[in-house]
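Asker: Sequence:
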Amino acid sequence: MQMILDAAGERVSGRVLDDGCGVGSYLERLTERADSAFGLEYDFERALVARQPKTNVIRARSEELPFPTGAFDLVLSHEVLEHVSDDRRAMQEIARVLRPADPASGRAGGRLVIFTPNRYYPFETHGIILRGRYRQGNIPFVNYLPRRWRDRLAPHVRAYSRRDMQKLFAGLPLRILERRVIFGAYDNIIARRPRLGRALRWLLQSLERTPLRFFGLSHFWVAERIRDALH
Numbered sequence: 001m002q003m004i005l006d007a008a009g010e011r012v013s014g015r016v017l018d019d020g021c022g023v024g025s026y027l028e029r030l031t032e033r034a035d036s037a038f039g040l041e042y043d044f045e046r047a048l049v050a051r052q053p054k055t056n057v058i059r060a061r062s063e064e065l066p067f068p069t070g071a072f073d074l075v076l077s078h079e080v081l082e083h084v085s086d087d088r089r090a091m092q093e094i095a096r097v098l099r100p101a102d103p104a105s106g107r108a109g110g111r112l113v114i115f116t117p118n119r120y121y122p123f124e125t126h127g128i129i130l131r132g133r134y135r136q137g138n139i140p141f142v143n144y145l146p147r148r149w150r151d152r153l154a155p156h157v158r159a160y161s162r163r164d165m166q167k168l169f170a171g172l173p174l175r176i177l178e179r180r181v182i183f184g185a186y187d188n189i190i191a192r193r194p195r196l197g198r199a200l201r202w203l204l205q206s207l208e209r210t211p212l213r214f215f216g217l218s219h220f221w222v223a224e225r226i227r228d229a230l231h
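Note that our numbering numbers the sequence shown so that position 39 is 39, with each residue one more than the last.
These aren't lab readings, by the way, just hints derived from the structure by calculation. Bear in mind the structure is a predicted one, so any value in this text is a computation, not a measurement. Treat the hints loosely; a few may be bogus.
Claimed, not checked - Have a look at the derived ranges for each label pair, beta carbon to beta carbon:
| no. | residue 1 | residue 2 | range |
| --- | --- | --- | --- |
| 1 | 43 | 170 | 26 to 32 Å |
| 2 | 25 | 60 | 41 to 47 Å |
| 3 | 202 | 48 | 32 to 38 Å |
| 4 | 209 | 1 | 20 to 26 Å |
| 5 | 33 | 155 | 20 to 26 Å |
| 6 | 195 | 43 | 33 to 39 Å |
| 7 | 68 | 215 | 39 to 45 Å |
| 8 | 202 | 155 | 33 to 39 Å |
| 9 | 129 | 161 | 20 to 26 Å |
| 10 | 5 | 209 | 20 to 26 Å |
| 11 | 103 | 35 | 21 to 27 Å |
| 12 | 202 | 54 | 29 to 35 Å |
| 13 | 157 | 54 | 27 to 33 Å |
Beta carbons are placed, not taken as given, at the ideal position from N, Cα and C, and that holds for glycine.
Kindly generate the complete structure, drawing on both the sequences and the hints.
Answerer: Shown next as structure tokens:
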């Protein structure tokens, strides 16, 4: 969470959207800091869990955000685009609802903080579909297969290369502020085996400062809305 807050800066105190909020873990923390915060979640059961007394949760698709243009100072998209039907359309919608920069007043544009799965992480964390049956778990080396074979095994989820990410952003009025590959927090392992989990997290996160970050879990990009009209 601290990484998200650091990337958001002062915009976290404005109008905030958690696009694909799941059960609302991040939304709850953002609500504590924001002037107003909204969560968007398509899955009905998750939306019910996320809808707490202090949170605003709307059930809708990321490809059709039900908000006015320029409505938000901050949008968080945490491991969401890989699940939507049209990821490019979802990115266009994010750009649309971010507040544009206003050079005349010196006001910077709204900010996007986004995480997506890295195709070069050694495991497909969402499982695969093999011979018509879903197999849960971390499946090794699936994402290293040619795209057509990989997508047959995991048609339910995408994994992104850096080039894939660049295509998502291409032509949109977004200025990239930061882009890197990160390893995870491994909270599930820590919950089960604290000492082992913390050692694993320390080891893998230390690799983010080396060329081996190429094999990290997720892309972490931060972008800012510029003044240009959408096209």
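Asker: Cβ-Cβ distance between residue 103 and residue 35: within 21 to 27 Å?
Answerer: Since the Cβ atoms of residue 103 and residue 35 sit about 23 Å apart, the hinted range of 21 to 27 Å holds.
Asker: Looking only at beta-carbon atoms, does the pair residue 25, residue 60 fall within the given range of 41 to 47 Å?
Answerer: With a Cβ separation near 19 Å, residue 25 and residue 60 fall outside 41 to 47 Å, so the hint is violated.
Asker: Given the hint of 20 to 26 Å, check if residue 209 and residue 1 actually sit that far apart at their C-beta atoms.
Answerer: holds (21 Å)
Asker: Given the range 33 to 39 Å, decide if the beta-carbon distance of residue 195 to residue 43 lies inside it.
Answerer: holds (34 Å)
Asker: Could you tell me whether the CB distance from residue 43 to residue 170 stays inside 26 to 32 Å?
Answerer: Holds: the Cβ-Cβ distance is about 29 Å, inside 26 to 32 Å.
Asker: Tell me if the beta carbons of residue 68 and residue 215 are separated by a distance inside 39 to 45 Å.
Answerer: holds (41 Å)
Asker: Using the Cβ atoms, figure out if residue 33 sits within 20 to 26 Å of residue 155.
Answerer: At roughly 38 Å between Cβ atoms, residue 155 and residue 33 fall outside 20 to 26 Å, so the hint is violated.
Asker: Could one say that the CB atoms of residue 129 and residue 161 fall in the range 20 to 26 Å?
Answerer: holds (22 Å)
Asker: Does the beta carbon distance between residue 157 and residue 54 stay inside 27 to 33 Å, or does it fall outside?
Answerer: holds (31 Å)
Asker: Return holds or violated for the Cβ distance of residue 202 and residue 54 against the range 29 to 35 Å.
Answerer: holds (34 Å)
Asker: Can you let me know if the beta-carbon spacing of residue 5 and residue 209 is within 20 to 26 Å?
Answerer: holds (21 Å)
Asker: Within 32 to 38 Å or not, the Cβ separation of residue 202 and residue 48?
Answerer: At roughly 36 Å between Cβ atoms, residue 48 and residue 202 fall inside 32 to 38 Å, so the hint holds.
Consistency with the previously given hints fails for numbers 2, 5, ordered from lowest to highest.
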